[in-house]
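Enquirer: One-letter residues, chain by chain:
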Amino acid sequence: MKMIIDELKKEKKNGRARISAMIKWEDCGRPDHYIYFETGEEFEKDLTLSAHPFLVGSLMPAIHFGERRIYTGAKLCPELRHGLNIAMSWMRHWFGHEVIALETKIKKSMDVRPPRAATFFSGGVDSYAVLRLNHLGFPGEHPWRIRDGIVIFGLEQDDPVVFERVRNSLKRAADEIGIALIPVYTNVYLNYRNEDKGFAFWFYKFQSSALSSVAHALSNRITVASIASDYGVADQWPHGSDPRLDPNFSSAELRIRHDGVSLTRYERIKLISEWDTAIRHLRVCNQFKKYGREVFNCGRCEKCVRTMLALVSLGVLDRTDAFPMKDVSPDMLVPINRRTYAHYVDLLAPLQKRGRDDLVNAINERLAECDRKEKQDRLKKKVKEFDSRFLKGRIKKINNHIHKKDAKSPGKAR
Amino acid sequence: MRIEDLKKESTGPRARISAKVIWEDCGRPPFDLYIETEPEFESALSLNPHAFLVACIMPALHYGEKRVLLDADICPELKIGLETAMGWIRHWFYTPAKELVKIDAKTRSSMPLPRTPGRAGFFFSGGIDSFATLKANRLNYPFKHPLSIRDGILVYGLEMDEPEAFVHVRESLSGMASEMGIELMPVYTNLYLNYRDEDARNGFNFWTNKFMGSALAAVAHAFSGRLTAVSIASSFDIPNLGPHGLNPILNQNYSSADLRIINDGLNLTRLQKVMLLSRDNAVLRNLRVCNHFKRYRAGNLNCGRCEKCLRTMLALVSAGALRHTDVFPCKDVTREMVREFVFIKDSFAFWYTELSGALKKAGRPDLAAAVDEKIEEYQHGKSIKKIKRMIKHFDDKFLSGHVVKINRIIIDRAKVLK
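Chains as they are written, first to last, in our numbering: chain A, 1 to 414; chain B, 415 to 832.
The shape of chain A in the complex, shown without the other chains (with noise of 0.2 Å):
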């Protein structure tokens, strides 16, 4: 019983064009489906047939779901056949997956094609601060400055005239910048999205491997594509974007790097704070549905304020109208948690010093709530493991008990 990766095919479909496989599940009862990447015509010659894209975007669902080999007859890479056993090690090591066999042929020769980097370009810090980076490294002859920024429908969102707003606008971007917008459209996560509470599967396991199957997909014009980090070093964490993982996903014509970690989230505001374009074009918020016809961060959600709490420590945040305000309130903070927190210490100083001891204040009571809570966390955890070893469970009973007496009394349900 094994996963089948078939029915490879590249073609043309409603004005783009496109590469599809049938995925057939049969170990975890889930309905076949196709998986394709499709791209603007323009793009036809760089869209690669291979397994690669279906196999690097099936992976990690597979071990998810609970499949127990993947099979496909066509040639995998041996340096990506390794790599993601490697990948499905770490998996196994942090989330407890099996690693499960890939059954495929071997491909005996690579491809030699001219160096050419990439990015995933979303338009938000991390993505702008790889730019940055890049371009200010990387002098303009290497071939390994960025000259293509993906942009891809079918990720984060889903709503395709919501896409062509912000396709545009990066598209204003990458021209001022000088690079070359390549819009990609795919299901590779919409086939788990609906189903994926808290979206866990995508941030824990999924989100490189995805952003990588999408690379491989352009393997005929890209040979080094880079995954914005999303934490520093000091900041790391097991999760679907780390910096053990992402080089897995490499294959021996295209590497796959993990890049910026050497940043702190503050870092890399401060290093695009002076880079008009970005500030300009910035977009960080993921409630599309709450985006304006040019404004694409609510300006309320968490990302929005953390983003514009560093742009007011740098005092640029009333130079950009990429945000609805052109300043923060400390009413507009809203609960930290574990996987920001960090963020928001690294603000404390800068806000210190630029005299906003209103929003340092506010911080800091966000931050102690969080603290607060863990602590209350941890404690719950441990009444709860004494309770199921030593006590059979029975404080969790008269818990349930009371909870369930509370809901039915009509003074409660009033």
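Incorrect hints may appear among the rest.
Think about it this way: if two alpha-carbon atoms lie no more than 20 Å apart in a straight line, the pair counts; the simulated EDC-like pairs of lysine to aspartate or glutamate are [to be verified]: (1) B:516 with A:267; (2) B:512 with A:267; (3) A:270 with B:497.
Everything labelled a hint here was simulated from the structure, so no lab data went into it.
This one's a predicted model, so the numbers in the text were calculated from it and none came from an experiment.
Since the structure of chain A is already known, use the hints to place chain B on it.
Expert: Frame of chain A; chain B shown alone:
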């Protein structure tokens, strides 16, 4: 730190690249850093500034230099990588306030020309990890693939600096290399010898925690005119990786756009590696796991009495292969040998847990029991250390360190009485 006067020359029987290393902040004396090889590999040795930069960056960080100045063009990928690697070392072993070494060098605007055709090498010590890297590579890559390993690099001046012992090792691996379809490149360097004596007094902490990966990578960069990918065998598998100088999160950062440094063997435990090698007669004839190089004799490179030898012999027993090899002084292990020579430390305790199960499975309950005794002894020692730490913590926090002071007085008096 300044790296100056880079040159390539032939000195006596060897080809050499060298540079003068001048310390600016820490008051150490200047020295000539060199990497040498034999004349037949002279064309492979390139005067690559990367080799010196990678060799010096961790010593510079360790000894507190503020910058490394190098008047040469370096790859921007390597520069970013070295900054990231220093970031990891700071995160693991220093406080966030520790300044990273500034790399003061121009960046290359293109790849070096002519481009080196794809060719892979690896560091070949003759131990379990390096043999497993070669074996796994042979199984994974078709022979004509550019990542199929063609060269084995054997380095003099890292763990070993005894010319006679090196000759024995080299002789042993030369025959093996041709059997496995690789060329053996002997390399001689002082990139670690400058620090080794003082590091030895400190339990080789600098080497183990910070320098290992970059030292090997520096040697690889010296051969970037021949090689485009070089594998470093990992001693630890994924679940047992800790912050140390051979961590893959660190080593990948020593790559440049034209040379990849690959951390290999992460998905196999040491026992799995032994199992992989245990049916290969060529490996069994040439294995060298022992670090006690002063005990080496021609044809006898494993003392059979140190912890590492014993650990490997036990693994070979569990794989049913010890009796098929002559590289150890004996064909079997006894309980007494385990009792006498095995000392378990934190960094490799997990290897013994794995061994105990394998020995039981292989029908050697006697050795499994001996290993279990050692594990128990280690865990007991660990519990005592933990209690001591707790007492010390309590003493520091609430008793102003009086318990420690009283303890010291008692020990001193006892010494006097003795």
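Enquirer: Take the hints in turn and mark each one as holding or not.
Expert: For each hint, the structure was consulted:
| no. | hint | result |
| --- | --- | --- |
| 1 | B:516 with A:267 | holds (17 Å) |
| 2 | B:512 with A:267 | holds (17 Å) |
| 3 | A:270 with B:497 | holds (18 Å) |
This entry satisfies every hint, going by the numbered hints stated previously.
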